[in-house]
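Heads up: the protein sequence lines correspond to chains A and B, in order.
Be aware that the first sequence starts at 114, since it is given in the numbering used here, and climbs by one per residue.
Be aware that the second sequence starts at 114, since it is given in the numbering used here, and climbs by one per residue.
Please keep in mind that the hints were generated in silico from the structure rather than gathered at the bench.
Check each hint, because a few of them may be wrong.
[To be verified] Covered by chain B, per the in silico footprint, the following chain A stretches (three or more residues, Cβ under 8 Å):
1) 178 to 185
2) 200 to 206
3) 226 to 239
4) 557 to 564
No residue lacks a Cβ here, since even glycine has one placed at the ideal position from N, Cα and C.
2 protein chains.
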Amino acid sequence: MAYQKLTKRSEDYSKWYNELVVRADLAESSAVRGCMVIKPYGYAIWEKMQAELDRRFKETGVKNAYFPLFIPKSYLCREAEHVEGFAKECAVVTHYRLKNDPDGKGVIVDPDAKLEEELIVRPTSETIIWSTYKNWISSYRDLPILCNQWANVVRWEMRTRLFLRTAEFLWQEGHTAHATYEEAIAKAEEMLHVYADFAENVMAVPVIKGVKSANERFAGAIETFCIEAMMQDGKALQAGTSHFLGQNFAKAFDVQYLTKENKQEYVWATSWGVSTRLMGALIMAHSDDNGLVLPPALAPYQVVIVPIFKNDEQKAALDAKILPLVDKLKKMGVSVLLDDADNQTPGWKFAEYELKGVPVRLALGMRDLENGTIEVVRRDTLEKQSLAFEGIEQHIKQLLDDIQKNIFQKALDYRQTKTRICDSYEEFKEEIKKGGFLLCHWDGTPETEEKIKEETKATIRCIPLEGDKTPGKCMVTGKPSKQRVVFAISY
Amino acid sequence: MAYQKLTKRSEDYSKWYNELVVRADLAESSAVRGCMVIKPYGYAIWEKMQAELDRRFKETGVKNAYFPLFIPKSYLCREAEHVEGFAKECAVVTHYRLKNDPDGKGVIVDPDAKLEEELIVRPTSETIIWSTYKNWISSYRDLPILCNQWANVVRWEMRTRLFLRTAEFLWQEGHTAHATYEEAIAKAEEMLHVYADFAENVMAVPVIKGVKSANERFAGAIETFCIEAMMQDGKALQAGTSHFLGQNFAKAFDVQYLTKENKQEYVWATSWGVSTRLMGALIMAHSDDNGLVLPPALAPYQVVIVPIFKNDEQKAALDAKILPLVDKLKKMGVSVLLDDADNQTPGWKFAEYELKGVPVRLALGMRDLENGTIEVVRRDTLEKQSLAFEGIEQHIKQLLDDIQKNIFQKALDYRQTKTRICDSYEEFKEEIKKGGFLLCHWDGTPETEEKIKEETKATIRCIPLEGDKTPGKCMVTGKPSKQRVVFAISY
């Protein structure tokens, strides 16, 4: 069976993405509008992301907990901006029972089982968590509280895309409570750095750390920190956010604490989250026309071995070399898949594991046995080498490290070539069509930002925390600007 | 501050349980009726359960995936017994948007945003999963499919209790698809053995493996395998179930496959799950009037160290001995908490860690430094010893193993003393009031089972797979019985 090629990125990037997600067995649409099924191969990558993030969170003193799926409608409404931000995309539970249709046509919602107060399926959990924290906090001794939960959330998006925007998605949401402004904002920044470290060193995706403009801030936040990544089509993708919530939720739920000086004060808050959207970022940052390119740190299998044989005798001869190699690799902490099935050709398998993004492919045939060699192909460059079998495990270990670094460097180089300075709004309108990040001066007003968005679809992705901080003049209004900000078209 | 005692088990077992769950920081009720908050200490135990179960599942070839939270109402109705079993306790989503109340009184459900078809928050996922499997299966080559998901589910229970019965709970649900009857039923049994192994060797809770009578079967199953545990009040608790679903869901969703012989056949199914209910089983099986008793395999901290000092100088002298011990224990894979806070007395801390069920408590004071000793208290027996400090880490390692075994043995001994043979229904009516398991002959009919339940509240917990299989006569009707079955009052 010939292997069916993917649509090329240059032909139709969006189609390429959708095909790749489905063909590589990552996810698919479900029977429920906007909700996805995450398939085992995709979920295995998500589990690796979870493990890496979870370990990092715990190293900062955060503990996991679990809060209810449902939020009473009145709770969502306690913080004015918060409800404004989420009311339009809520799944609402109104009844708690079905019954047989009296007309005999199956099952209907039982009108007698109407809830007194409707429940919202959580779009995020600030409100239910702060109503809980109220009971946990009375004195400075109870602070800080550092909780995280791994959970599903629902936002009723009208236009959905696998991983990037779905009605239900999986995420983690951290919620911390602090005695002081300084401690809270430091925690929000600390978690931003955790996300950036994860994105760059695990996902191999370079990110810009910054803060959001007021227009792009989380509903209810005083400051939203974010990491922004560039995809291979030049669009920006927000890969994680960490919010400094001030005392907004503490005031909404009347959460006060007794200070050391015996005064009642409102508690300071942060929240921070990343979601299965990161799967979309991972796919779009690295993959190519042959399929996924996975960083070894997240690949369900880092190495696949394909023996090439014509009969059981040949297979046995190959096994005698391969099985000890598999053992050695596993002992070195390398995950290995041995595919010795005889119902597909080696060529088909090679294409399949390229599609699935396995970082290193090994092939071993009878000629290799004679010559004491093995064929090694790295997924990121597709470079093929015939190497000595003896000691190959050390080479593979090194190769996996090289691939991890190379994927990151490639993405970084791409971002650098697609990042330009722009000082004229006329030039901006043309340049933004070519994609990438444009570093521009902006007067800091929502009005100017809105005008640019309307006229060009570009938004301020972030006000960078690091790099050049030279002031200048807004490219649109000529008014003073504190520093250049990052404009882009975003996912 | 004096440490507040728990209600004694002998005074009020149910009150003891409720107090313990809250006081030990395991969970609490939330603002949403029937939904609980799992607090960090409780969640840490659940995470350990998850890790142990997940590893065992993966060893049998199962992979994790994720399916939608919502189930279209029509899907739930496809399998007649299934909808009958779950319709009365469903959370129903009817709308997807809120809007500002035109009367200016906050936010209301937007009547224009009514769903065409209502969505049910999953009470279990057979229907949405089998509608998905339909697209994954066409030939025998696609089988078996072995998926599991870790998820939240909702069953609108009217009377709820923390961990034991809550409207929302966390669980795992495995769903497998097979080519043959034999393979499917073997998988259902295999997973039962996985659960039993986990219950006995990790939770230290002895269980009886069996099958459910028709009355107690899962809605839509042909056979329900289960493990049943005995709590310290003599009641039974169902700790896990594994269902052989036959072709019921394959037929409901028209899932057929092409056999090797080129015939279309319906696919065979299993499903199996355990939930946060296991937390209730763990608590009730082992804990005592001083608080939790945790098996070392699930304790968030296996060892707590309490230094006893009066000033910084003493503290420094103790640290010089304690810090290297902490390192040694961690290197041996033992999790350790060092509590050197000076805002609570050692006595308060001792009571606190007894309440929290930390398996081993170490205390070190100035006299110990002089004598080269350390105080060691094991939580299961509360036995206190002063031992040589030198080499104490080896003793602790051994002690943790002993505690794990002892807790299991104690629960097993208790179950054995509370398990009796009973051949007369008159005697049964008296004996069942004393709690425990009664092994009785039963004629196999739902009518007799129903009569016994009505008259005594006892149900058939299971028909055991192992042990005595001698036939006899039903204690109620005198009709033939194939083997003794387990009766008990259950949670």
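Against which earlier hints does the structure fall short, listed by number upward?
4
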